[in-house]
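There are 2 protein chains.
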Amino acid sequence: MEFSERQKKIIQIVKENEPITGSEIAAKLGLSKPTLRSDLALLTMTEVLTARQKVGYIYAGKASEPILQNHLYECRVEDLMIAPVFITSEDTLKNAVTELFIRDVGSLYVINEEKELIGILSRKDLLRASLNNTDDHIPVAMIMTRMPNIVTITKEKSVLEAGDLIMSREIDSLPVVEAANPLHVIGKVSKTNIMNYFIQEGKKVEG
Amino acid sequence: MEFSERQKKIIQIVKENEPITGSEIAAKLGLSKPTLRSDLALLTMTEVLTARQKVGYIYAGKASEPILQNHLYECRVEDLMIAPVFITSEDTLKNAVTELFIRDVGSLYVINEEKELIGILSRKDLLRASLNNTDDHIPVAMIMTRMPNIVTITKEKSVLEAGDLIMSREIDSLPVVEAANPLHVIGKVSKTNIMNYFIQEGKKVEG
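Protein chains in written order, with the UniProt record's numbering: chain A, 1 to 207; chain B, 1 to 207.
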C-alpha cells in the first residue's frame with residue numbers, strides 16, 4: 001500500500017503540529033475540509049493517525065507506509081533460498097557430522113553420481129545414529145531419510161507455502177528442485193531462512 | 001484494521017455484482033456517491049477492491065479484513081511460549097539424547113537443585129559431543145552451554161524482539177524467565193514457534 005503525495009503531506013503536518021484539527025490541516029494545505037475526508041479516514045483506519053474527539057489528530061503510527069500482510073506472504077522461494085551443502089551416499093557418518101560443523105548448517109543433501117537428490121541428513125538423523133551407537137564409518141546411505149519420503153518445493157512457490165510444508169511435515173528444510181526435473185536440487189529453504197525473513201521485514205517497519 | 005459495517009456491505013455488493021460502478025453501489029445502498037468516496041478510496045488502497053477505469057469496481061482481495069503488518073509483530077512472547085523440557089546437571093549425555101528423542105524437542109534446559117537455569121543443551125551441543133567421541137556416561141554439565149552465555153527473554157517482549165535475538169545470536173530457542181528472578185524459567189520460545197506463528201497468521205489471511 002503506498003500513500004499519495006497528499007497523504008504523505010498530511011502525515012508530515014500532523015507529525016509537526018500534533019494535536020491538529022482537520023480544518024487546520026485543510027488550511028495548511030489550502031484545500032477544503034471535505035476534500036481531505038477520505039485521506040483522513042484512510043490514515044486513521046490504517047492507524048498512522050489517531051483522531052481524538054475535541055482535540056484533533058495525533059501521529060500514532062510506527063510505520064509511515066503500512067505494509068499489508070498479504071504482500072508479506074507473497075515473497076517467493078527463489079528470493080529466500082540459499083545454497084545447500086551436498087554429500088554423496090558413500091560419505092561416512094563421521095564425514096557427514098564433520099561437514100555439518102565445518103559448514104555450520106542444519107542439514108546435508110545426499111546426491112548420487114548423476115547429481116540427483118537421493119536423501120537428506122538432518123542433525124536429528126545424525127544424533128539418532130549416535131544414540132544407537134552406530135559405527136561412524138558406515139556410509140550415510142544407511143541412516144539418511146530417503147526419496148520418496150523427502151518433501152521438496154519449486155522456486156516459484158511462496159514463503160507461505162514453504163513455511164506451511166515445513167510446519168505440517170515437522171521438518172527443518174525443503175530442497176528447492178527444478179519443476180522439470182524434480183531430482184535436481186537448485187537451492188534450499190529452511191526454517192531459519194523463513195523466520196529470518198519475517199523478522200527482517202518486521203524490523204523494516206519498526207525501524 | 002476493522003472495516004465499518006458500510007464498508008463490509010460495499011465489499012459484499014461488489015462481490016455479487018462485479019464489475020459495478022460507484023454510482024451503482026451508491027444506488028444499492030440508498031446513499032449519495034460523495035458519501036461513499038472515502039470508503040471506496042480505503043477499499044482500493046487496501047487492495048480489497050480494484051477500480052478499473054470505464055468498467056467499475058471488482059473484488060480483488062484475498063482477505064476481507066487486511067491485517068496490518070505492525071500488529072502481526074506485536075504478539076507477545078507469553079502468547080507463543082511452550083513448556084520447556086528440563087534435565088539436571090547430573091544427567092548423563094546418554095540420558096539427554098534419549099530425552100531429546102522421547103520428548104521430540106530441539107533443546108533441553110539444565111537446572112540445579114534450586115530449579116535455577118544453569119545451562120542449555122541443543123542438538124548441536126549433543127552432536128558435537130558425539131563427534132568428539134565423548135563417553136556418553138559423562139554428566140551434561142561437561143558439555144552444556146552455560147550461564148552467562150545463555151540469552152534469555154521475558155514474557156512481555158514481542159515476537160519481533162524474540163526473533164531478532166534468535167536470528168542475531170544464531171540460536172534455536174530462548175528460555176523465557178521471570179523479570180524479577182532471571183534464573184527462573186517459565187517457558188521457552190523457539191525458532192519453530194516463531195515460524196509457525198507467522199505461517200498460521202498468514203493462513204488466516206489467505207483462507
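To be clear, the hints were calculated from the coordinates, so they are not data collected in a lab. If you're wondering where the values come from, they're calculated on a predicted model, not measured in any experiment. One or more of the hints may lead you astray.
[What the hints assert, rightly or not] Heads up, simulated DSBU-like pairs for lysine-lysine below, C-alpha to C-alpha not over 35 Å straight-line:
| no. | chain 1 | residue 1 | chain 2 | residue 2 |
| --- | --- | --- | --- | --- |
| 1 | A | K155 | A | K94 |
| 2 | A | K8 | B | K124 |
| 3 | B | K54 | A | K33 |
| 4 | B | K124 | B | K203 |
| 5 | A | K157 | B | K157 |
| 6 | A | K33 | B | K15 |
| 7 | B | K157 | A | K9 |
| 8 | B | K15 | A | K8 |
| 9 | A | K28 | A | K15 |
| 10 | B | K28 | A | K157 |
| 11 | A | K204 | B | K115 |
| 12 | A | K203 | B | K28 |
| 13 | A | K115 | B | K124 |
| 14 | B | K28 | B | K15 |
| 15 | A | K155 | B | K33 |
| 16 | A | K9 | B | K33 |
| 17 | B | K115 | A | K8 |
| 18 | B | K28 | A | K15 |
| 19 | B | K33 | B | K54 |
| 20 | A | K33 | B | K157 |
Which of the numbered hints are not met once you compare them with the structure shown? 2, 10, 11, 12, 15, 17, 18 and 20
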